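Colleague: Here is what each chain is made of, one letter per residue.
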Amino acid sequence: MSIRVDPSLSGELIAGINTNQQEVNTDLQQLSTGKSVNSLGDNPAAAAALVGNDAETAQVDQFQSNISSVQGLLQVGDSTMSSVVNLMTQAISLGIEGSNGTLSQSDRQSVASQMTGILQQMVGLANTTYQGNYIFAGTDTQTEPFTVDASAPDGVAYNGNTEVNSVQLSDGQSLPINVPGSQLFQNSSGDIFGALNQMITALQSNTGFDAANTALENAFNAINGQRVFYGNGGAELNTVTSFLSQEKIELSTQQTTLVGADMGEVTSNYSQAEVQQQALLAASGKILAEPTLFDYLPT
Amino acid sequence: MGTLDSALSIIVGSLDADQGALSVTTNNLANANTPGYDRQIVEFSESDPIQQGNLSFGSGVTLEQAQTVRSNVLQLQLNQETQTSGQLDSFVSGMTQVESLFNETSGTGLQTPLSAFFSSLQQLSTNPSDSSLRVGVISAAQNLATAFNQSSSALTTQQSDLNQSVEQSVSQVNTLTSQVAQLDNQISGITQSGEDPSALIEQRDVALQNLSNTIGINVIAGENNNITVTTGNGSPLIVGDQSFALQTQTNTTTGMQDVYSQGQDITTQISSGQLGGQIQVRDQQIPSILNQLDTLASSIENSVNTQSEAGYDVNGNPGTALFTPPPAGVTGAAASMAVAISDPSLVAASSDGTSGSNGNANALAALANQNIVDGQTPSNYYSGTVFQIGNAVSNATAEQTAAQQVTQQIQNQIGALSGVSLDEEAANLTQYQQAYDASARVVTIISELMNEAINLGQD
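Residue numbers (this note's numbering), protein chains in the order written: chain E, 179 to 477; chain F, 161 to 619.
I should point out that these hints are in silico values taken from the structure, not numbers from a laboratory. Quick caveat: nothing in here was measured; it's all calculated off a predicted structure. Glycine included, C-beta positions come from ideal geometry on N, C-alpha and C. Honestly, I wouldn't trust all of these hints.
Claimed, not checked - Computed footprint of chain E on chain F, listed as stretches where at least three residues anywhere in the stretch have a Cβ under 8 Å from a Cβ of chain E:
hint, region
1, 270 to 276
2, 373 to 379
3, 517 to 525
4, 578 to 585
5, 602 to 610
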């Protein structure tokens, strides 16, 4: 005796069609989103890793944005330092010219007033602002850091502080973005304002030229030593920028690995499921219309 | 004694039997598509022979009974599998809604506003006295708070929707159990009177399957085709002819409806059927996720507030809390998360009291990578929640697919045993029709013989 089979095929056919339809829908969704993971349940581990990936990507984006914000500040600092160095060069040649014993009183007076002009320009440079902030004021960026003040030892008072701001550039790496103005312009190994004032006094009194020249030299050397901060900072930004671009590529590759759909595979799955769906429907139509023994009974 | 009369009575009996068989076949055909119908087969038996001396004369055929072809074991298996499917269906449907709230694969979830908040602090560090960047921090903090508020309230709404579903399921259980008890009563009456209760048993099977889909049950067969039905944990639903209704009662702590049987709280013991799935999502999954959101929200609020208070605002005043302090017991932190300040100058970016200092902005931004939530960074903690939700859906979906396949298999087996085959019935129909034709023909022949016997000796 043969094994009796379930005479009703419709249940199984419908289940088969539904299963296949689900495959078609899944493939279509993957094709339209380009992702193999479209809900947390599709791949919980990948979805959880994606959260970490998103967090890191957002941070890298923000680091890149930090860099572009800081870049402007460092560039203004660097070009201001160039102007300061140029002015110092001028001051040194003027000082040598003024200390030449052959000059008349009125010539020395004129050199002294040129030197005063340089001092004023220097104070102006020391009060440079970027986006409304004094860049040589330490962290006290809303207060004008340098004011001419006869009672100050070098003739210019410093109203800023000696604090330094740092900005984070990447995970665990931050860059100081300012040098306090007192360290630049009133450095203990060479005070710019002091040296300029000393030379002005020497020109006016026609004594002490050697000391004044030496003071200018020292101030020049000091500022040259300090200005590299801005150049180095800019260079570091460039290095970090390319590092971050690399990291961004890695994160995006990781994201594709986690949730990206293999489009070739999905396309082929989709056409396979489509063909299968057609075949199932054709077969179902045929099976359900299949005659029974009744069709062959004599009437 | 082999007389014409006895031959006639044999053939009349045969005509009766064939008619009965034809009517069974017709009934099978009529019910070919009736859910739960089990085919019947005809059992003929030979009538007791009449002994005369050494001779034994057959006395024809009897239609013994129309035997219903069914397997109680398969029905029980189907009930079991239906309970599993019911539980998984309602669990997956509930969790899919939860899942969609945190769908990080499409960027809807908490990670985006969380990252944006910490990024706004980083951005502030590049120019701490800039008031537009300060406004940016406050609005990012507000977005983060709103995201927590919305997620939390969406979860609470889903929880109360499920609470309604639980009530509906309980009332469905009660309707079905009273229906089954009524059928049970009729079945035992019919059985005791010696009639065939198959049709009612089939109706009861359908009702039991619906009941299984709603709640996990045990079915114990008793006398007279009676059954006793209990919940999976043994609380009575139907005993004898009586059904015992389940009740719901508001839990004063959770505000949710607990399920009671005979005055006993059985909520936590209902693990299968739709009711089981609904209770699991309502009482376990959603509360656990809400608790994680609360932990995340309150940890962020507390850490950010503490760090803010360690710094200075743009005017050099000591920093104040950025967020309103979360509730002490954590519970409700996500729902009540809010930004405490609206004046951008109050954002505590400075670490030394000057407006240009960014030290505290850096320290606030650095919280993103510190283990401030249960020993993990905010993102890591949140990704754990995402994994938990995804895993619950993924496991249940896999089990659901398996359960569907098993159910289909059992249904195939039931169909193979009890389903009506049109071919089979057509063959039977032809067979009984031919037998009937032949018997009718015999009646004609006997009638002719009778005539001959009556007219015997006449001219």
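Colleague: Give a verdict on every hint.
Modeller: We went through each hint and held it up to the structure:
no. : hint       : verdict
1   : 270 to 276 : holds (count 5)
2   : 373 to 379 : violated (count 0)
3   : 517 to 525 : holds (count 5)
4   : 578 to 585 : holds (count 6)
5   : 602 to 610 : violated (count 0)
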